[in-house]
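Asks: Sequence:
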Amino acid sequence: MKLFVRELFMLSETGTSSPINRVSYFALTLLGLYLSVYQSVIDDIAADYQLSPAGKGLMISFHFLGAFLLPLILGEAGDRLGTRPVLRLAFLLMIGGLVLIIVSHAPYLFLIGTLLVGGGFAVIEGMLSGLLAIANPERVNSVMNLSQMYFCLGAVGGPFMAYGLKWIGAGWQVNYGLILILLILSLILFNRLILPAYRTAPLKGLYLKRILKDPVFILLLLAIFIYVGIEEGTAFWVSSYIQETMTSSVPGLFFISVYWLGMACGRWVFQYLRQSYHRWLLVGLTGAAIFMCFFLMTHQITWILIFLFLVGAGFAPSWPVLIMTA
1 MKLFVRELFM
11 LSETGTSSPI
21 NRVSYFALTL
31 LGLYLSVYQS
41 VIDDIAADYQ
51 LSPAGKGLMI
61 SFHFLGAFLL
71 PLILGEAGDR
81 LGTRPVLRLA
91 FLLMIGGLVL
101 IIVSHAPYLF
111 LIGTLLVGGG
121 FAVIEGMLSG
131 LLAIANPERV
141 NSVMNLSQMY
151 FCLGAVGGPF
161 MAYGLKWIGA
171 GWQVNYGLIL
181 ILLILSLILF
191 NRLILPAYRT
201 APLKGLYLKR
211 ILKDPVFILL
221 LLAIFIYVGI
231 EEGTAFWVSS
241 YIQETMTSSV
251 PGLFFISVYW
261 LGMACGRWVF
271 QYLRQSYHRW
281 LLVGLTGAAI
291 FMCFFLMTHQ
301 ITWILIFLFL
311 VGAGFAPSWP
321 VLIMTA
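Position 187 of the sequence shown, counted from 1, bears residue number 187 in my numbering, the numbering being contiguous throughout.
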């Protein structure tokens, strides 16, 4: 807990890493907030646009399509132009996408906005993770897990924000408006940062073409794709599953918060690991699979909440370990 508080409120000995950490953690918290808000209001969006289940699935897939395409383009640009201009562009893409979503009155405009948001989202998350590793070379595991813990804490808050705004009669667009304001603030804070010096060797040709010939990198890339699909797909699915399979006084979207809370707690614990990362990755994934089976077998709300929390905790080490390995 002392490390948690120090990261958020105190300057580090390096003089630059702590501001970088704080701004990065704030931005990643917003990304988590956006993602869980989207998971919470997707049914309302589909109802507004009178979409079929296939149309709803298409809306979800466009976030991930953007998250796949934009990093391929901007990742290469980051190695040539530097971190700051590419991150600025990613923030602007996400901001532009949110504006388009808010003002859109047609599904295709919403899809374009979601594509832009998904692309900016993935680039911001990936490049801020790299920036944290550069700024904190002696404790990469700690900052990777802490940064993802903040992401998860943002995701915990998303359903409460969506439910509260819906309760007072606000439309789903208001969620996006609040996130837009906070994201603009995050961009302003990022622009004020002093970034650590970082130079790459001169690149000839496409670096992406070279790394795609590395079988280990391809394997890690596939692992990341599969893991992200399972982790975030679970969050999109769980609320609808609860609403369709049982009667509960607890709103279905709050189950999303429990899932992300388990992951946040797991990442707070795993920040203290100093070895055996891959072993804990396998243990966590095995535990998540077992608890998911228990989750599907029970219809008691208390046990559902417990197992969902444990599924999230089991997923906790996966993303930080995969990113550090890649």
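Everything labelled a hint here was simulated from the structure, so no lab data went into it. Careful, some of the hints might be misleading.
Derived SDA-like pairs (lysine to any residue); straight-line CA-CA distance at most 25 Å [what the hints assert, rightly or not]:
(1) K56 with M246
(2) K166 with Y241
(3) K166 with L51
(4) K56 with I226
(5) K166 with I102
(6) K166 with L180
(7) K56 with M127
Small disclaimer: the values here were computed from a predicted structure and weren't measured.
Asks: Next, verify each hint and record whether it holds.
Replies: Each hint tested on the structure:
1. K56 with M246: 22 Å, holds
2. K166 with Y241: Holds, at roughly 21 Å.
3. K166 with L51: Since the Cα atoms of K166 and L51 sit roughly 20 Å apart, the hinted pair holds (cutoff 25 Å).
4. K56 with I226: It holds: about 21 Å lies between the C-alpha atoms, which stays within 25 Å.
5. K166 with I102: Roughly 16 Å between the alpha carbons, so the hint for K166 and I102 holds.
6. K166 with L180: With Cα atoms ~18 Å apart, K166 and L180 stay inside 25 Å; holds.
7. K56 with M127: 29 Å, violated
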